[in-house]
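Residue numbers (our numbering), protein chains in the order written: chain A, 1 to 91; chain B, 1 to 506.
Check the hints yourself; a few may be wrong.
What the hints assert, rightly or not - Each computed PhoX-like pair below joins lysine-lysine, with the alpha-carbon atoms no more than 20 Å apart:
id, chain 1, residue 1, chain 2, residue 2
1, A, K32, A, K53
2, B, K456, A, K65
3, A, K65, B, K6
4, A, K65, A, K54
5, A, K64, B, K6
6, B, K411, B, K423
7, A, K80, B, K9
8, A, K80, B, K6
Bear in mind the hints are in silico, worked out from the structure with no lab data behind them.
Below are the chains, spelled out letter by letter.
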Amino acid sequence: MAEIVRCINPTGISEPVDTYPLAPRLDTLDGKTIHFSITGEPDITIPLEKKLKKDYPNVNWTQKKTYAPSPIQLTEEEMKTTDAVILAVCW
Amino acid sequence: MPYIAKLEKAGIPTVIVDLEDQHQMVKQTALRYGVPEVRFLPASRTVHGELDVEAFTEPMMEMLTRPLIDKEKQSGIWEPSPSGRIIFEGTMEEAEEFFHQTEYIGHPVNAPIALYTDGLPVRIPTEERVAAMLKGTSHKPDELIIHQRDPMRGARRNPFQFQREGRPPRDVPPEVRMEGIRRSGKGDPVEFQPMGWTTTVEKVAACAVMAGCKPEHLPAVLAIAESGTFIGSTHTFGHWLCVSGPYAKEVGMSSGCGMLGPGNVANSTIGRAYEIMARNLGGAIPGVNRMTSIGSPFEGSRCCAENADGLPPGWEGLNEENGYGKDESIMMVIPHVNDGIRGVQFSPGGYRAFQKSGHGGMARKLGVKGIPGPHNWLEYLVDEFWAGREGAKTIIMVPEMAQHLYEYGFKSKDAVYEWLYEKSFMPLGKYRHFSWVDLGTNGWMGIEPRSGKHWKELPDDYMVPAAESPYAFCIIVGGGDEELSHQLSSPQHLGIDPIYSIDAWR
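Please put together the full structure from these sequences, using the hints given.
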């Protein structure tokens, strides 16, 4: 009978993750403050910025722009007055 | 993603625009940060921006208003798959079948990918083999892999110094500004990339067995493990590794002819362990979270040793350059990012003719025809250094060529680095033609640090260094007698800490 071998697990340790619900969605866009977090890809984000302002004039648009993949974050104070965030193009 | 998770948890709805082939990576990262149902949609890689936003803007805005479905309202705890100390029990034949399993990865791979290996056969990590491997270190099997030192120690080309000093963006490597690669301090668990998993000494030993290592190689493999096996995401990364210090000779590493090629057991297996660990400890999967697009044969990772005996007088080894003693051993991670590798530009005998009697093309280019050396052979190559992208370089050169530089007048590596840095200055008009500088200058919205002026105010003839600093360059001496050099990216491009103590893991 062939010998039985026991093999050590070489895979990394993945810890359990607390998962959270998404934030409730907005009931309307009108009158809301929506932040556009721009991370590079200007060929997309420049026309997107223009279109958002044109198509959604009743939104109070704010934005922060960087060319790098990491977004410039809202401050804690800014978060208090921001109703939603769009991040493009990255994650 | 940590930022998006923070916003969602704070009650601010978000939507992300990504690229379609990166959906799996977004989902993985979202789960890692506790918001697995985050909403996202793709932009196109090919459609003109104006047309593209016409198509996706309305659905994007709808993601901010469409009420949540039950799945999106759920909270809880995501439990990883059960993963005990023993992953498989059976005959050796069955174990071989188990460890060589593959899984089919869809677009953009559309092919099976190995579950536990680099795609090549591995040595099966039986309990007995792993126990034997563990004799190569004094560290306990169940000990967590933690950082053995703070990232600042000695590594003057360590990019993390810029984070602490708050240097201007131009001087911070673009990749450092990406989320998720900031380095923890001494005593913190090492998070393997890209999944952020942790690990134990025993698991690293299992990976070392799989790579074909011997017990005496384990301290080097543990030092690599401390790096977290960074693999990048969208770059054609590969990693070479170089050992500096007495350890290299102790375990029979090659610093001679073909040191980065096949043949030497220690070089080959220690190098391979990087990739085995990236797959098993980091969860790196091509096309899922490792988007190297074309990939690279160097992603299999190679290790070499520095030839300390081949260093000219006064030239420090990599260990001394990075704050360690001559008698201390370190592992250096040498990334080559996306400006590729250059080298071997000399015809057969061409370099020797240039140095011995001032003949051949090299002599013609440098205007030293008929004049015996020593000549500065870097002068022959330096024009090409920034043909691909900006940034300092790592140069691997054989001992004879290092000796020629010494005889020419470079009495230290620093003298070479400083010369190269001066040579890197170029007119801004030319510097603007690089691609990565768009990130380095934050889309030219930042301030040029030397003048203190806005980038857009500077004239085209303003001189800018293509290299981050003199000390972002790196010289590695090793290899055989044939006159060759390789030039590749500086570790600074990658934004990782490149130096890890081997002695700390003995």
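A quick look at each hint next to the structure:
1. Simply put, K32(A) and K53(A) have alpha-carbon atoms about 13 Å apart, close enough for the 20 Å limit, and the pair holds.
2. A threshold of 20 Å between alpha carbons decides the hint, and for K456(B) with K65(A) the separation of about 17 Å falls inside it, so the pair holds.
3. The hinted pair formed by K65(A) and K6(B) meets the criterion: a straight-line CA distance of about 19 Å does not exceed 20 Å.
4. With a CA separation close to 19 Å, the supplied pair K65(A) and K54(A) stays within the 20 Å bound.
5. Pair hint K64(A) plus K6(B) holds up; C-alpha atoms about 17 Å apart against a cutoff of 20 Å.
6. This hinted pair checks out: K411(B) and K423(B) have alpha carbons roughly 18 Å apart, not beyond 20 Å.
7. Distance check on the hinted pair: K80(A) and K9(B) sit about 13 Å apart at the alpha-carbon level, within 20 Å; holds.
8. Distance restraint check for K80(A) and K6(B): the Cα-Cα separation of roughly 13 Å lies within the 20 Å cut-off, and the hinted pair is therefore satisfied.
Of the hints listed earlier, there is not a single one the structure fails to meet.
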